[in-house]
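We have chain V; now place chain G onto it with these hints.
If you read the protein sequences in the order shown, they are chains V and G. Okay, so the first sequence: first residue is 1 according to full-length UniProt numbering, each after it adds one. Okay, so the second sequence: first residue is 1 according to full-length UniProt numbering, each after it adds one.
Just so you know, these hints were derived from the structure itself, not from any lab. Model, not experiment: these values are computed from the prediction. We put the CB at the ideal spot given by N, CA and C, even for glycine. Do not take every clue at face value.
[Claimed, not checked] Think about it this way: if two alpha-carbon atoms lie no more than 20 angstroms apart in a straight line, the pair counts; the simulated DMTMM-like pairs of lysine to aspartate or glutamate are:
1) V/Lys187 - G/Glu141
2) G/Lys100 - V/Glu184
3) G/Lys100 - V/Glu34
[Claimed, not checked] Facing chain V, a subset of chain G residues (Cβ under 10 angstroms, in silico):
4) Gly44
5) Asn80
6) Ala84
7) Ser93
8) Val122
9) Asp125
[Said to hold, decoys possible] A short, non-exhaustive set of chain V residues, derived as facing chain G with CB atoms under 10 angstroms:
10) Arg83
11) Val149
12) Val155
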Amino acid sequence: MQCVVTGGNVKVLGKAVHSLSRIGDELYVEPQEEGLALRSVNSSRSAYASFLFAPLFFSRYSIPRGLNFRCKLAIKSVQTVFRSLATLEKTVEKCHIGLDEQKDRLTFTLHCKHGLLKTHNLSYQDSESLEAVFDKDSCANVFRAQPRVLVDTVVHFPTSLEEVTLTLSDERMWVRNHVEDEAERSKAVLTELCLAADEFDHFDIKLHNSITFCLKEFRGLLLFAESTGLPVTMYLDEPGSPVVLSVTDSVLEGNFVLATLSDDHYLRQSNRGADAEQTRPPDDFMNDDMDAYLIAMDSSVAPGPSTADPPSLAAFRKPPAPNYRTRTYSEEEEDGEEDPERPPDKKFRSLFFGSVLPPSPRRSSQPFTTQEVLASDSEEDEAEAD
Amino acid sequence: MKNVPCLLSSGVVTTISKLTKTCVLRLTPDNLFFILSGKVTNGGVGMWCELLQNNFFDEYQMEGVSSEFNQICLEVSPENLSRALRTVQCAKSVKIKLTKKHCACLTVAAELPTLSSASRVVTHDVPVEVIPRRLWQEFKEPVMPDFDVSIYLPPLKMLKNVVDRMKNLSNFLVIEANLNGEMNLKIQTDLVSVSTHFKDLGNPPWGPSQRGDPELLAEATVDIRKLQQFLVGQQVNPTKAMCNIVHQNVVHLILLHEDVSLQYFIPAVA
Numbered sequence: 001m002q003c004v005v006t007g008g009n010v011k012v013l014g015k016a017v018h019s020l021s022r023i024g025d026e027l028y029v030e031p032q033e034e035g036l037a038l039r040s041v042n043s044s045r046s047a048y049a050s051f052l053f054a055p056l057f058f059s060r061y062s063i064p065r066g067l068n069f070r071c072k073l074a075i076k077s078v079q080t081v082f083r084s085l086a087t088l089e090k091t092v093e094k095c096h097i098g099l100d101e102q103k104d105r106l107t108f109t110l111h112c113k114h115g116l117l118k119t120h121n122l123s124y125q126d127s128e129s130l131e132a133v134f135d136k137d138s139c140a141n142v143f144r145a146q147p148r149v150l151v152d153t154v155v156h157f158p159t160s161l162e163e164v165t166l167t168l169s170d171e172r173m174w175v176r177n178h179v180e181d182e183a184e185r186s187k188a189v190l191t192e193l194c195l196a197a198d199e200f201d202h203f204d205i206k207l208h209n210s211i212t213f214c215l216k217e218f219r220g221l222l223l224f225a226e227s228t229g230l231p232v233t234m235y236l237d238e239p240g241s242p243v244v245l246s247v248t249d250s251v252l253e254g255n256f257v258l259a260t261l262s263d264d265h266y267l268r269q270s271n272r273g274a275d276a277e278q279t280r281p282p283d284d285f286m287n288d289d290m291d292a293y294l295i296a297m298d299s300s301v302a303p304g305p306s307t308a309d310p311p312s313l314a315a316f317r318k319p320p321a322p323n324y325r326t327r328t329y330s331e332e333e334e335d336g337e338e339d340p341e342r343p344p345d346k347k348f349r350s351l352f353f354g355s356v357l358p359p360s361p362r363r364s365s366q367p368f369t370t371q372e373v374l375a376s377d378s379e380e381d382e383a384e385a386d
Numbered sequence: 001m002k003n004v005p006c007l008l009s010s011g012v013v014t015t016i017s018k019l020t021k022t023c024v025l026r027l028t029p030d031n032l033f034f035i036l037s038g039k040v041t042n043g044g045v046g047m048w049c050e051l052l053q054n055n056f057f058d059e060y061q062m063e064g065v066s067s068e069f070n071q072i073c074l075e076v077s078p079e080n081l082s083r084a085l086r087t088v089q090c091a092k093s094v095k096i097k098l099t100k101k102h103c104a105c106l107t108v109a110a111e112l113p114t115l116s117s118a119s120r121v122v123t124h125d126v127p128v129e130v131i132p133r134r135l136w137q138e139f140k141e142p143v144m145p146d147f148d149v150s151i152y153l154p155p156l157k158m159l160k161n162v163v164d165r166m167k168n169l170s171n172f173l174v175i176e177a178n179l180n181g182e183m184n185l186k187i188q189t190d191l192v193s194v195s196t197h198f199k200d201l202g203n204p205p206w207g208p209s210q211r212g213d214p215e216l217l218a219e220a221t222v223d224i225r226k227l228q229q230f231l232v233g234q235q236v237n238p239t240k241a242m243c244n245i246v247h248q249n250v251v252h253l254i255l256l257h258e259d260v261s262l263q264y265f266i267p268a269v270a
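The shape of chain V in the complex, shown without the other chains (with noise of 0.2 angstroms):
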């Protein structure tokens, strides 16, 4: 196998070693004939990501026919060959990737100014394929944005912040932090932003609801986004379906996929105060159930087609049904399953087996509109403030 990437897109490449490891701790490399795969779960399997470097991306791409290699190393020293992008892009000119087979060392060489030599050999561990189930044309609401509008708009919410709301409707999307239970919200700062339709280039929603997803991974991508310039085009369906973020380019493709916060009761409450006409301000859902939360994923056992597999990885095979939704057949069956490594919580599901969608897909009719209710909020307050 070899690879050789030059000039700036040394650059590309490192920056989506850097984004994949806010996901995961480990690098799944993949050689296919279609490109460099590069990919990462995180721990609890809630979000994966994933970069496809066409072989036009490289000066150089060569696999041996029929090679079926892949491999998982430590992302922590694979950041290490291109720590510090800002030199990588003034030094490296040519980065060379192969494979060492006497001594199965995965071997990134920089040829540096000056003829310097960097050499790093990487132990790997063979691994399966890691590939996650997912389908982003049948999402109801995508969105396209230049990554300086999306990077303005997370930057506005602190660093520590775990999740995100965000809501649709025609003509506006609405940001906001995701405050878990009660006795947070009288301590937490409640953020909210609100984004016109024509700050995007494309913004097409079809449903109006509310998606909870995970900020660090989405931060992730964003620094990809960023420094190569690429739209992002975010992929959202319901409640509880993974959120897709994507950038693509004529020569590599990234996919992030997120889970999302799946709660009846959140959904519950969120709809009636649009439904209420705006009697309630919308991030008021103050039942929601923290073991609601999809947000921990479980590896247990899928008795699917790819038996042979190590279990916690079955769910990432290439799926012989390019729908997630018909993954829902197996997963119910397994439910019935005991396996004592279950965890005691059914709401727990792995991202990509538990697409799970709820039972009717609910409609908010009116988006809210925040402006209005701040202002008659406080007209309230100040006679009971006082």
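Below, chain G without anything else, positioned relative to chain V:
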């Protein structure tokens, strides 16, 4: 209560956030005050920061309980407030409003510039607690202590460098100064004694110039962290920086900026 499109520098609040986790924000028709009264729970440290409202706000409306008690006192977390103000620094306009949401909040609403025609609106609801009137008497301006020495401080950055290094050696620091423009910072431990001498600092015209020997040093031993906290928050050099020392009792630091004044009291340890 307050409806203020403003160009607000968050610098003041950031400075205060370095000094204390919570403090009292007192609003009167002309001023804003950030107050920390010297209680035992916060190590006896006190703070009094005064801002003229019309230097910060284009528009300012406030209405207290009555015309007699025309003020509002809120307990705020300066860190939360500072973060909210920091993210709206490039805003076209900022409004700060006391609102009743899930709890009493200071709502910072800003209109941000965008690439498109429409502007973007961000709101931060910073939770606050409204302090009832019966507790207001705690938030009076501290009386100027009857100090033994008053002296101008050397550049704060220099002071910070010295104090930061001394912090590695000891937990307590002795500040001493006289009316001859001399100030010493000293630490003493079993292993090492370090002292830094400043000369020709000058003494403010006020104070007890007629009292005795100008060479006589007044000293106070303070918790070095308290002093460090104060110095870490100073991002801009003030127009005037002064230090009053009541011998073995208290160190009173005063910073005067164009539109802000900050007083900070560090009690001496025995």
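Fill in: Closest C-beta approach of G/Asn80 to chain V relative to 10 angstroms, hint status
5 angstroms, holds
Fill in: Restraint satisfaction for G/Val122 [CB to CB of chain V, less than 10 angstroms]
Holds, because the Cβ-Cβ distance from G/Val122 to chain V comes to roughly 5 angstroms (cut-off 10 angstroms).
Practice prompt. Would you check the hint for G/Lys100 and V/Glu34, treating anything up to 20 angstroms between C-alpha atoms as holding?
Written response: With a Cα-Cα distance of about 57 angstroms, the restraint between G/Lys100 and V/Glu34 is violated, given a limit of 20 angstroms.
Item to complete: May I ask you to test the interface hint for G/Asp125 with respect to chain V, counting a Cβ-Cβ separation under 10 angstroms as satisfied?
Response: This interface hint holds because 4 angstroms falls under the 10 angstroms limit.
Worksheet item: Can G/Gly44 be said to touch chain V, with a Cβ gap under 10 angstroms?
Response: At about 26 angstroms, which exceeds the 10 angstroms cut-off, the nearest Cβ of chain V leaves the hint on G/Gly44 violated.
Worksheet item: Is the hint on G/Ala84 kept, meaning its closest Cβ partner in chain V is under 10 angstroms away?
Response: 6 angstroms, holds
Worksheet item: With 10 angstroms as the cut and Cβ atoms as the points, is V/Arg83 at the interface with chain G?
Response: Since the shortest Cβ distance to chain G is 29 angstroms, the answer is violated.
Fill in: Hint status (Cβ of V/Val149 to nearest Cβ of chain G, threshold 10 angstroms)
With a closest approach of 7 angstroms, the V/Val149 hint holds.
Practice prompt. Double-check G/Ser93 for me: the hint is only fine if its C-beta lies closer than 10 angstroms to a C-beta in chain V.
Written response: 13 angstroms, violated
Discussion item. Does the closest beta carbon of chain G sit nearer than 10 angstroms to the beta carbon of V/Val155?
Written reply: Given a least distance of 6 angstroms, the restraint on V/Val155 holds.
Worksheet item: Does the structure keep V/Lys187 and G/Glu141 at a Cα separation of 20 angstroms or less?
Response: 28 angstroms, violated
Worksheet entry | Pair hint G/Lys100 and V/Glu184, alpha-carbon separation not exceeding 20 angstroms | 17 angstroms, holds
In terms of the numbered hints stated before, the structure departs from hints 1, 3, 4, 7, 10, listed from lowest to highest.
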